[in-house]
Structure formats: C-alpha cells, structure tokens
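Chains as they are written, first to last, in UniProt numbering: chain A, 1 to 599; chain B, 1 to 658.
Think of the hints as simulated: they come from the structure by calculation, not from any bench. Where hints are given, some of them may not hold.
Stated by the list, open to error - Computed footprint of chain B on chain A, listed as stretches where at least three residues anywhere in the stretch have a Cβ under 8 Å from a Cβ of chain B:
id: 1; segment: 375-388
id: 2; segment: 478-491
Stated by the list, open to error - Residues from chain A that keep clear of chain B, each with C-beta distances beyond 12 Å, as calculated:
id: 3; residue: R56
id: 4; residue: D106
id: 5; residue: T208
id: 6; residue: T254
id: 7; residue: Y279
id: 8; residue: K339
id: 9; residue: E442
id: 10; residue: L573
What the hints assert, rightly or not - Derived lysine to aspartate or glutamate pairs resembling EDC-like cross-links, with alpha carbons at most 16 Å apart:
id: 11; chain 1: A; residue 1: K593; chain 2: B; residue 2: E204
id: 12; chain 1: A; residue 1: K593; chain 2: B; residue 2: E641
id: 13; chain 1: B; residue 1: K18; chain 2: B; residue 2: D92
id: 14; chain 1: A; residue 1: K224; chain 2: A; residue 2: E82
id: 15; chain 1: A; residue 1: K115; chain 2: A; residue 2: E105
id: 16; chain 1: B; residue 1: K159; chain 2: B; residue 2: E145
id: 17; chain 1: A; residue 1: K27; chain 2: A; residue 2: D193
id: 18; chain 1: A; residue 1: K280; chain 2: B; residue 2: E338
id: 19; chain 1: A; residue 1: K115; chain 2: A; residue 2: E373
id: 20; chain 1: A; residue 1: K486; chain 2: B; residue 2: E530
id: 21; chain 1: B; residue 1: K657; chain 2: A; residue 2: D487
id: 22; chain 1: B; residue 1: K532; chain 2: A; residue 2: D487
id: 23; chain 1: A; residue 1: K592; chain 2: B; residue 2: E204
id: 24; chain 1: A; residue 1: K593; chain 2: B; residue 2: D631
id: 25; chain 1: B; residue 1: K613; chain 2: B; residue 2: E629
id: 26; chain 1: A; residue 1: K418; chain 2: A; residue 2: E406
id: 27; chain 1: B; residue 1: K442; chain 2: B; residue 2: E473
id: 28; chain 1: B; residue 1: K550; chain 2: A; residue 2: E554
id: 29; chain 1: B; residue 1: K550; chain 2: B; residue 2: E517
id: 30; chain 1: B; residue 1: K657; chain 2: A; residue 2: E506
id: 31; chain 1: B; residue 1: K657; chain 2: A; residue 2: D59
id: 32; chain 1: B; residue 1: K582; chain 2: A; residue 2: D314
id: 33; chain 1: A; residue 1: K369; chain 2: A; residue 2: E344
id: 34; chain 1: B; residue 1: K532; chain 2: A; residue 2: E554
id: 35; chain 1: B; residue 1: K202; chain 2: A; residue 2: D193
id: 36; chain 1: A; residue 1: K194; chain 2: B; residue 2: E410
id: 37; chain 1: A; residue 1: K27; chain 2: A; residue 2: D59
id: 38; chain 1: B; residue 1: K657; chain 2: B; residue 2: E530
id: 39; chain 1: A; residue 1: K500; chain 2: B; residue 2: D631
id: 40; chain 1: B; residue 1: K582; chain 2: A; residue 2: E408
The beta-carbon is built from N, C-alpha and C at its ideal position, and this holds for glycine as well.
One-letter residues, chain by chain:
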Amino acid sequence: MPEIRVTPLGAGQDVGRSCILVSIAGKNVMLDCGMHMGFNDDRRFPDFSYITQNGRLTDFLDCVIISHFHLDHCGALPYFSEMVGYDGPIYMTHPTQAICPILLEDYRKIAVDKKGEANFFTSQMIKDCMKKVVAVHLHQTVQVDDELEIKAYYAGHVLGAAMFQIKVGSESVVYTGDYNMTPDRHLGAAWIDKCRPNLLITESTYATTIRDSKRCRERDFLKKVHETVERGGKVLIPVFALGRAQELCILLETFWERMNLKVPIYFSTGLTEKANHYYKLFITWTNQKIRKTFVQRNMFEFKHIKAFDRAFADNPGPMVVFATPGMLHAGQSLQIFRKWAGNEKNMVIMPGYCVQGTVGHKILSGQRKLEMEGRQVLEVKMQVEYMSFSAHADAKGIMQLVGQAEPESVLLVHGEAKKMGFLRQKIEQELRVSCYMPANGETVTLPTSPSIPVGISLGLLKREMAQGLLPEAKKPRLLHGTLIMKDSNFRLVSSEQALKELGLAEHQLRFTCRVHLQDTRKEQEMALRVYSHLKSTLKDHCVQHLPDGSVTVESILIQAAAHSEDPGAKVLLVSWTYQDEELGSFLTALLKKGLPQTP
Amino acid sequence: MKLYCLSGHPTLPCNILKFKSTTIMLDCGLDMTSALNFLPLPLVQSPRLCNLPGWSLKDGNAFLDKELKECSGHVFVDSVPEFCLPETELIDLSTVDVILISNYHCMMALPYITEHTGFTGTVYATEPTVQIGRLLMEELVNFIERVPKAQSASLWKNKDIQRLLPSPLKDAVEVSTWRRCYTMQEVNSALSKIQLVGYSQKIELFGVVQVTPLSSGYALGSSNWIIQSHYEKVSYVSGSSLLTTHPQPMDQASLKNSDVLVLTGLTQIPTANPDGMVGEFCSNLALTIRNGGNVLVPCYPSGVIYDLLECLYQYIDSAGLSSVPFYFISPVANSSLEFSQIFAEWLCHNKQSKVYLPEPPFPHAELIQTNKLKHYPSIHGDFSNDFRQPCVVFTGHPSLRFGDVVHFMELWGKSSLNTVIFTEPDFSYLEALAPYQPLAMKCIYCPIDTRLNFIQVSKLLKEVQPLHVVCPEQYTQPPPAQSHRMDLMIDCQPPPMSYRRAEVLALPFKRRYEKIEIMPELADSLVPMEIKPGISLATVSAVLHTKDNKHVLQPPPRPAQPASGKKRKRMSDDVPDCKVLKPLLSGSIPVEQFVQSLEKHGFSDIKVEDTAKGHIVLLQEAETLIQIEEDSTHIICDNDEMLRVRLRDLVLKFLQKF
C-alpha cells in the first residue's frame with residue numbers, strides 16, 4: 001500500500017529548528033533546515049543522524065527545500081551540508097538565496113566571534129553550501145528528477161518566503177513554511193490554488209489567536225512610540241534585520257513625515273542599508289501598492305531613518321532604535337537593552353514572537369529581574385510592550401488556507417503543543433479533515449491510493465464515449481480492453497489491437513447447439529416460423545431471414561434441419577461465438593420452449 | 001489540429017492554434033511598418049513639412065493633394081499614422097480561449113483584439129513582458145496623442161484610387177483594415193485581461209491542454225511556449241536568442257520531442273553580426289562626437305538600449321567621451337530604466353549574481369548616478385534647460401514618424417557633422433529617412449538583431465528534432481535581395497510547412513492515445529500475465545467516467561442480486577444486452593492435454609480423430625463433437641446448457657483472454 005510518511009526533526013510541537021522529513025512515493029524530501037534560538041548546545045540543530053544511521057545523506061535525500069531565510073528555517077544548512085555532508089540539490093527562491101548567506105554569516109559571527117564557540121561552520125562552508133542551491137521562481141514547476149516535481153507559491157511572511165508543493169505522480173504534499181494571510185505594509189498575502197494535496201503541512205504559531213485588525217495594532221504601536229519620545233524616553237525595538245523591520249520602518253517613516261517629528265530614528269548594524277537594497281531590487285516580491293508606485297517613490301528609501309552608531313545609545317534625549325536580533329538573545333539589541341532597562345521612562349517594544357529561553361521571552365512573561373552572564377542581575381524598570389507584528393497566519397488565516405488548498409489531511413508544525421491541540425480540534429470539526437501534530441522524531445503515516453495513469457487508444461475511447469452518449473445508456477456500460485504493460489509504459493487498447501500488436505492470432509471459440517423440436521413441417525417453413533417468432537420477441541435486436549433459409553439474430557446463426565432419425569422432428573442448429581455467448585444461450589433456451597402455434 | 005495564420009509579418013506573428021478542443025492565439029503582433037507611408041508628426045511645427053507640395057495625378061488632377069504630399073520624389077499620406085492589424089475575418093476571434101504572448105514586441109496588437117472582437121478569454125504573459133509591453137504601448141499612445149492631427153485621410157484607400165498611386169503606396173496591402181492607434185483606456189483594459197506566469201509554470205486549460213512558457217533568451221521575460229496534451233506536443237518558438245545579452249538564456253532542452261514546432265521571429269538581418277554592429281555603433285558614435293557633431297539613436301525605450309548603455313558604460317572612458325552628455329528621452333524612460341533593475345529573476349546569471357551582492361544588475365544605474373546619462377519624459381520642460389551639444393540622444397520612435405526623434409531629425413538633419421545611427425531592425429532605414437530628404441546628416445545603419453540566424457536555427461532543429469516544422473513562407477526561400485544566398489533559409493527534413501497571411505494549415509498530427517486514470521480499486525483487481533519477457537497484459541472491464549475532460553475508469557458495479565421473482569418481468573427485460581462484450585481469446589489447445597482434462601472431469605468414451613487442420617474430439621456418450629484447430633475451436637452439442645458450460649470452461653483454461 002503506498003503511503004506518505006512525515007517525521008519532524010524539529011518544529012514538531014515546538015517553534016524553532018524547523019526540519020521535517022517527508023517520504024512520498026519512494027522519494028525523500030527534507031523541508032527546511034533550521035536552528036533553535038532557545039538552545040546553545042547540540043539541541044540547537046536537528047538530529048540528522050535520525051535520517052540515516054550510516055549511509056550518506058545524499059543517497060537518502062532526493063532534495064532539500066528551504067521555505068524562507070529566517071534562521072529557524074535555514075540556520076543549520078551549512079552544518080547539514082558541509083559538516084554532516086549533503087551534496088544533493090537545495091531549493092529556495094531567489095530572494096532567499098540572496099539573503100540567506102548574509103544571515104548565516106551574521107549568525108556565525110555571533111556564535112564564533114562573540115561567544116567563542118569552536119567547531120562551528122566557517123564562512124567558506126556557507127559559501128560552499130550556497131553553491132548547492134538551485135533558485136526557483138514562483139509557480140515554476142521544477143523537475144527534481146523524472147518523477148519528483150516541486151512548485152513554489154507566494155507565502156508573504158518575509159521577502160522571498162514561499163510555500164512548496166511536492167508532487168510525485170498524483171500524490172502531493174504542500175508545506176507552508178511560515179506564511180501570512182493578510183497583506184501588510186510591504187508584503188502581499190499568501191496564496192495557493194485548489195491543488196488538493198494529500199497532506200498540507202502548516203505552521204501554527206498563532207494557532208489560537210484571532211488577531212484584531214492590523215490598523216488598530218499599528219495605531220497602538222505609533223501611539224506608544226509617540227508618547228514615549230514625547231516625554232523624553234528612548235524606544236528600543238528589537239527586530240530581525242529583514243522582514244518586520246522594513247514594515248515598521250515604513251510605518252514610522254510615514255508617521256514621522258505626517259506629524260513632522262524631529263526625534264531621531266536609528267537602525268542598528270550595517271546590514272540594514274543592504275537589507276533595504278534587497279527590498280528595492282526584489283520589489284516584485286512586495287505588495288501590489290509598493291510595486292505599482294516604486295518608479296515614483298521607492299518605499300525602501302527612508303528619509304528619517306539613519307544608521308545607528310554604538311555611541312548614540314548614551315546620547316541624552318529621546319530616540320527610537322531598531323536593533324537586531326529580534327528576541328534579545330544576543331548582539332546589539334541586548335547591549336542597548338542592558339543600557340536602557342534601568343530607566344522607567346524608556347520602553348522596549350517586542351514586535352514578534354520570542355522563543356523560550358531568550359531574554360525577550362523572559363521579559364514578556366513578566367520577569368523583571370534577569371540573571372545575566374557573570375551572575376549579574378539586571379533589573380528591568382523600562383516599560384515592556386508586546387505587539388504582534390509577526391507575519392504569521394492566525395487561526396482564521398490557517399483555516400482559510402486549508403480551505404483554499406482543500407487537502408485530504410492536515411499536519412501541524414511550528415507551534416506550541418497546547419495551542420496545536422486546540423486548532424486540530426477546530427480543523428477536524430469545522431473542516432472535517434483529519435489533522436495530525438507529531439512531536440519531534442514521531443512519524444505520521446498516511447496511506448494513499450493513487451490512481452494509475454495509462455494511455456487509452458483514441459479509437460477505443462471514442463467508441464466508448466460515442467456509445468456513452470446514447471440516451472438509452474442508463475445502465476452503467478462496461479468498457480472492455482486490454483492493458484499492455486511494457487516497462488513503465490501502460491496502454492489500454494481494444495482487445496483486437498492488443499492481439500495485433502503482439503502478433504497473436506485470435507482463437508475463435510464457437511458453439512453450435514442442436515435444439516430438437518417435434519414438428520413435421522418442412523425446414524423452410526420451420527425457419528420462417530422461427531424468424532417471425534424471434535422477430536416479435538426480440539424487438540431491440542436485428543433479426544434477419546437470409547435467402548439461404550437461415551435466420552440470424554445479430555451474429556447468431558440459426559438453421560433448421562431434418563432430424564436424422566425421427567422424421568417427425570426437426571433440429572434447429574443455433575451457432576454463436578464465445579463473444580455472443582449470453583445471447584446465444586438465451587436463444588437456445590427460448591427456442592427450446594417451442595414455437596408458438598400459428599394462429 | 002489547425003493553424004490559422006493572421007499575420008504575414010514573420011517577426012510580428014499572430015497565429016491561432018486549434019488544439020484538441022481549445023482555441024489558442026499565439027502572439028498578437030502589430031505590423032507598424034504601415035506607418036512609413038505617413039508623414040512624420042512633428043512635436044514643434046515644422047515649416048518644411050507644412051510646405052510640402054500636394055501630390056497630383058499624372059494628368060494634373062489634384063483632388064488628392066490634401067491627403068498626399070510629395071517629398072523628394074516620395075509620396076506620403078498626410079494623416080494620423082495607421083497600423084496594419086492581424087487578419088480579423090479568417091476566424092471568429094470571440095471564440096479564442098487564450099492568448100499566449102511570447103515577448104513585449106509581439107503584444108502590440110492586443111488592445112485591438114481584446115477590446116473589439118468580443119474576446120472573453122485570458123491572456124498569459126510573464127511579468128516583465130507585461131510591464132515593458134505596457135511601457136511600449138504607453139509610449140506609442142503618448143507619441144500619437146500629444147500631436148493631435150485634425151486630418152484623417154481616407155480617399156486614397158479607395159481601391160480604384162490606390163491603383164493610380166506611386167509605389168510603395170500602390171502596393172500597400174490590406175489598407176482598408178489599417179487602424180489608428182488605440183487609447184490608453186483600451187490599453188489598460190487589455191492589460192487587465194493578462195494573467196502573469198513564470199517560466200516552466202504548467203498552466204492547465206480546461207483539463208485538456210497544458211501550456212508552459214520557457215525562457216527564449218531574447219528579451220526580459222521573453223518566452224517560447226509548449227502547448228501539449230499527454231500525447232501531443234506543439235512548440236511555439238518566437239523571438240529566441242542564443243547570444244548572451246542580459247536576459248536569461250534560452251531553454252532548448254524542453255523543446256525536444258515536439259510533434260510540431262512553429263518557428264517565427266528569426267533575425268531580420270541574417271547577414272549582420274550583432275557584436276560587430278555594436279562595435280561599429282560605438283566607433284561611429286565616438287567619431288561624430290570628436291568631430292563636434294551630435295548623435296541621434298532612434299530606439300525603443302526597452303531592450304537593446306540596455307545593452308547599448310552597458311557597452312557605452314565600458315567604452316566612454318577609454319574613448320574620452322566621459323564629458324559628453326547622454327540623453328534618453330521617452331515618456332517612459334524613467335520607468336524603463338527602473339523596471340530593468342527589478343527583474344533579477346529574469347536576467348542572465350551574471351546579472352543575477354550582482355543582485356545578490358546587492359547591486360543593481362545594469363550599470364546604467366551608475367551612469368545615472370554620475371550624471372552621465374540623463375533621462376527626460378520629452379524635449380519639453382527640464383530637457384530644454386539641460387540640453388548641451390555635442391551630445392548623444394536616445395529617443396523614439398524607430399520609424400521616425402512620431403515621437404521626439406522627429407524633432408531631432410528636423411533639428412540636426414541639415415548638418416553633416418551630425419549622425420543618425422539606426423540600431424533597431426524593424427524598419428527599413430532608407431524608408432524611415434525618406435520624408436526627411438534631402439538630408440545632410442550622416443546615416444549609419446548598425447542593425448542589432450539578436451534573434452536566431454539560420455545557422456543557429458539549423459543547429460537548434462538538429463538538437464531538438466521536431467517531427468515537423470511550420471514557419472512563415474519568408475523563411476523557406478532566400479531573402480529577395482539576396483536570392484543567391486541559399487544558406488539564408490530554413491533547411492530541414494522533412495521540409496518545413498510554410499504559411500502566409502490568411503492561410504489555414506492542417507497540422508500533421510496522428511493522435512492515437514489519450515490519458516485515462518485507473519482507480520486504485522480497479523487496478524488492484526487486475527490480473528496481469530506476462531506474455532513475452534517484459535510485456536504483461538491484463539484484461540480490463542470497467543466503467544468509464546468522463547468529467548471536465550478527464551477520463552477515469554472505475555470498477556464495474558457488483559452484479560445486482562436477482563430480483564426474487566416478486567415482480568413479473570416482461571420477456572424483453574430478460575434479453576441480455578448484447579453490447580456486454582466478452583473478451584477475445586488467443587492461444588491454441590493441445591489435444592492430448594485437453595483430452596486428459598476431459599477425462600479428469602468425468603467424460604468417458606472419448607475418441608480423437610485427426611483432420612487436415614487439426615483434430616476432432618468426439619464425446620460419443622454426450623453426442624458431442626469438438627473440432628480443434630490451430631486458431632479455432634467449435635463445440636457442437638445438444639441443447640444441454642450445463643454440458644456446454646462445462647465444456648466451455650475446460651476449453652477456456654487453455655486460452656488467454658484479451
């Protein structure tokens with residue numbers, strides 16, 4: 001029995017370290033290859049030894065697909081391909097291919113240079129890893145090999161984020177990666193056609209949230225920023241360099257312009273300008289409004305937002321600073337946070353999801369005394385605000401996507417177990433689709449029943465279709481043919497053609513039954529009576545009386561003969577081929593009952 | 001399957017393919033060479049053009065002198081220029097299901113088709129094709145509309161009058177179908193019917209046909225198309241290039257195994273080498289500037305201009321031209337330059353990797369930044385303040401009949417220091433210059449056409465091996481001006497089928513198979529048997545379901561339980577349906593084994609007689625006779641159904657069913 005098997009190595013009932021193994025029709029595909037921000041030990045990368053104990057990964061995996069450039073989806077890629085060893089193709093979209101190596105390098109620098117980790121992947125490994133990448137266009141059907149094909153759909157979320165359909169024959173799986181069902185200030189909404197996959201693997205970060213309107217959140221955000229700077233406070237917004245940062249920059253930029261504010265806005269690290277450049281060059285991936293107006297005004301050229309210098313953090317007076325990374329787990333955002341945390345006039349706004357174990361997660365869960373490195377305790381007096389600007393679909397969005405794609409089953413990843421459970425129930429009840437939520441290392445097996453495509457000879461098909469159109473065809477009609485299977489080439493042809501093609505002769509099987517009737521009339525007269533009897537009984541059939549005295553019903557031949565022994569009896573010879581068997585045996589039974597007396 | 005040919009222009013094709021039950025228009029080219037018969041539309045009133053004498057017939061009859069003007073022995077129509085549309089009468093265009101666009105030059109007739117024929121279908125094109133196509137249309141509309149012309153000439157079109165006119169007006173074809181330019185409103189409406197597609201995207205049409213655009217290497221977003229069902233494949237090759245310029249390289253491999261390959265849009269200048277032409281372009285440009293003259297380059301606002309700017313970027317410093325201003329004047333100049341930088345995914349590998357840095361893929365960004373290249377929407381406004389000579393001006397339209405180029409021709413034409421360099425191959429430069437004669441300015445002809453030449457075509461055809469090639473008739477003979485050049489035509493076996501405007505070709509297709517799906521339950525019930533090594537057979541009896549043009553075979557319904565005799569049925573209900581077919585049989589019956597089998601099943605008193613062709617088995621007790629020959633078996637018995645069925649089953653055991 002064919003089946004689809006799915007095993008999350010990461011992101012199973014968890015957020016972070018996305019990595020999902022899918023086996024479909026004999027093909028093995030790995031979806032995403034992420035790192036976990038909550039861990040600094042072995043657990044930060046997926047356990048690739050699960051895939052194959054001693055074989056080479058390249059032999060086992062047909063391809064790897066990366067959905068977007070966030071590190072929890074691609075952070076383990078150089079480790080996977082260069083240190084564990086994988087030489088097969090890695091698929092991602094063009095923007096992902098462009099931006100991914102920069103974030104990996106950034107990640108490497110923090111890990112190696114700042115934290116002094118040894119045995120981490122090197123810059124050269126990132127380069128070598130990226131050489132294995134094959135870029136895909138949206139909606140392009142990429143033929144990985146003769147049977148396996150993949151296709152990318154727009155996912156919103158971040159620049160270049162894509163959902164992927166993985167298809168072998170008539171079986172398919174869709175993996176959403178992270179996606180957003182509502183357009184935001186810089187990206188469009190995710191979209192997929194009614195592709196009816198066997199399985200939809202969807203993220204479920206906001207499985208239980210139904211978010212209010214985006215406008216309200218934006219107004220809220222601007223109000224909080226504005227109030228803080230008005231009273232002379234500093235606002236820290238930890239972000240990842242690409243994605244939410246650009247959306248919030250556009251938001252603040254237009255607000256500053258409208259309100260004619262002079263308070264400085266800074267964006268940390270040199271990456272920013274570069275990042276904005278990517279948005280300019282990949283503008284076809286942004287939302288319609290930006291695409292339409294980019295010739296007149298490129299939304300990613302900011303007037304009010306300047307580059308941040310480390311020294312600025314100690315400047316007096318209000319300011320707004322976007323700093324990376326977004327979960328306050330390392331780097332510049334954490335440095336600035338430590339400087340400003342003690343002043344209640346200041347504010348930190350967390351615009352996205354924070355993984356467990358990060359400083360961001362701790363302060364959001366209300367912790368106000370943080371233990372830092374070297375047993376230092378940091379007291380947080382500044383205001384802590386959480387605003388969900390993460391571009392993930394909420395429960396409504398997830399249900400909407402499931403409705404769009406119409407999968408046979410749904411599998412949830414990239415979310416917290418409790419929330420997933422709730423969403424699973426909702427999907428099963430409201431959409432009547434079975435839903436799974438495996439933990440890491442747990443395998444879900446779905447039996448499939450793919451239909452088999454064959455070529456039918458046009459002659460046979462047309463013959464059948466023409467008859468199928470006749471009005472009397474109320475009873476289901478049976479199509480008869482012969483399936484010729486040669487290698488993987490399957491053809492359905494008429495039996496005559498099959499015999500001919502194979503150079504075989506037909507073997508004719510014929511029956512002739514003797515029906516004895518007591519009758520003294522002459523043979524000719526006898527035949528005529530048979531003819532009129534059958535003619536009146538079998539209205540739907542072609543009954544003929546031939547010049548040689550025999551009678552035919554369709555292709556069945558009836559002849560009358562004298563009885564060799566009994567002159568008072570006659571013999572009807574009824575002759576038919578195997579193909580007419582039912583009518584033939586019906587006729588003999590009918591004739592056996594005798595002929596009606598002539599009136 | 002048929003091909004309706006609506007355009008006679010080999011590089012501006014418009015064909016309709018009837019493929020299975022779909023009607024697919026391939027490209028929508030607009031033949032603009034008709035505009036060459038008209039007087040130029042000057043932006044600033046030109047006394048020279050105004051004072052051209054009216055033309056009169058040989059007998060002095062001057063009734064046409066308002067419509068026709070004479071300039072240096074050539075006669076021009078003094079009216080808003082008109083374009084030659086594709087044939088609209090050959091086939092009802094409202095029945096067209098989809099239009100496939102291959103590149104932005106081949107969609108210029110789109111508004112005429114989608115807005116005025118009852119067309120209700122969808123147009124498919126790539127994003128760069130649509131965006132740049134929109135710019136080309138916008139420019140055209142702008143050029144025509146900003147010079148309103150009260151006069152519209154129609155007398156000359158009268159067949160009886162046209163006969164009396166001098167060439168080339170006398171020989172102009174289909175003049176009655178010539179139309180004025182569309183409006184921006186029509187352009188927007190036409191473009192709104194386009195659905196964007198990406199390379200290698202498979203698009204299903206009505207479940208019968210799949211169409212796929214492939215990179216053709218000629219321009220940003222340019223595509224060839226595959227139109228296929230499961231067993232038939234048509235490749236539509238239009239405007240392809242194997243040269244490495246800025247677009248993504250041509251996808252040749254996917255064209256393999258075509259039944260029919262429709263080949264259009266080859267180079268219009270088969271004897272010119274594009275690289276050599278670019279070199280000539282640069283050196284002539286430099287020479288003119290050094291001598292204190294100006295250079296005028298009539299061009300389209302997108303396409304080759306990107307490559308020319310790139311060459312100049314590398315060339316100007318070494319040629320000492322760094323202080324010479326370059327002007328690009330077009331209502332869409334800015335948009336074109338901006339758009340060129342955002343289609344990273346559609347560019348060649350080199351340019352793509354620049355975007356990854358991230359840097360703009362085209363160096364004209366730097367030319368603009370350093371103020372070497374300036375762009376203006378028209379000669380009015382800022383341009384007149386910045387204008388410095390000597391300079392280089394890129395501007396449209398290449399026909400020299402409308403657009404800012406008309407102004408520069410009038411301005412610079414009188415001085416032999418200036419040069420006009422023709423790079424676009426679509427218009428004959430001599431005809432383009434005719435209404436400006438006499439002309440003192442130098443004219444250089446450097447046509448740059450990167451599309452396939454005949455050597456590349458013959459290599460391509462050898463590579464992809466289509467069963468049949470279909471092409472415009474122009475490609476099946478050498479060009480009229482070079483009739484001895486037998487190498488300037490398509491050479492393939494079998495020879496190509498050629499078409500001309502308003503012709504209908506029956507495509508040589510032998511459709512034999514159609515895809516059908518066997519449901520898994522039915523597949524499980526099949527019993528394959530190996531007939532020959534590697535070949536297995538299974539007889540199939542199934543119910544055929546057809547929905548949305550997809551065919552599915554389902555298991556036959558279980559035989560209904562016989563009604564338990566409660567209802568009396570009419571006799572005719574019991575008559576079996578003779579259309580329920582039994583399988584065919586094959587094989588032969590070995591007599592000895594058959595007899596053994598009969599004995600095993602309780603028949604005795606069996607006699608076997610040899611005949612000429614086989615054997616007769618006699619069952620004396622049962623008064624039954626079985627004739628066995630190589631290819632037939634005949635059972636002759638009394639009317640004993642039980643006996644007959646027993647014998648039948650014994651015979652069938654030795655035979656294979658089909």
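Pair hint outcome, K418/A versus E406/A [Cα-Cα no greater than 16 Å]
Roughly 25 Å between the alpha carbons, so the hint for K418/A and E406/A is violated.
Test coverage of the segment 478-491 of chain A by chain B using CB-CB distances below 8 Å; three residues minimum.
holds (count 11)
Minimum Cβ-Cβ distance from Y279/A to chain B exceeds 12 Å
Incorrect as stated: the minimum Cβ-Cβ distance to chain B is 9 Å, not above 12 Å.
For the pair supplied as a hint, K194/A and E410/B, confirm whether the alpha-carbon distance does not exceed 16 Å.
59 Å, violated
Taking only the CA atoms, is the gap from K500/A to D631/B under or equal to 16 Å?
OK: K500/A and D631/B at ~14 Å, within 16 Å.
Are the Cα atoms of K159/B and E145/B separated by 16 Å or less?
29 Å, violated
Keeping to a limit of 16 Å between CA atoms, is the pair of K280/A and E338/B held or broken?
Given pair K280/A, E338/B holds - Cα atoms ~10 Å apart, limit 16 Å.
Assess, step by step, whether the Cα of K582/B is no farther than 16 Å from the Cα of E408/A, and give holds or violated.
38 Å, violated
Confirm or reject: D106/A is not an interface residue toward chain B, with every Cβ-Cβ distance exceeding 12 Å.
15 Å, holds
Measure nothing beyond the straight line between the CA atoms of K115/A and E105/A; if it is 16 Å or shorter, mark the hint as holding.
14 Å, holds
Restraint check for K115/A with E373/A, where alpha carbons must lie at most 16 Å apart:
Holds, at roughly 11 Å.
Holds or violated: K442/B to E473/B, with C-alpha atoms at most 16 Å apart
35 Å, violated
Violated hints, in rising order: 1, 7, 10, 11, 14, 16, 17, 21, 23, 24, 26, 27, 28, 31, 32, 34, 36, 40; the structure is consistent with all others.
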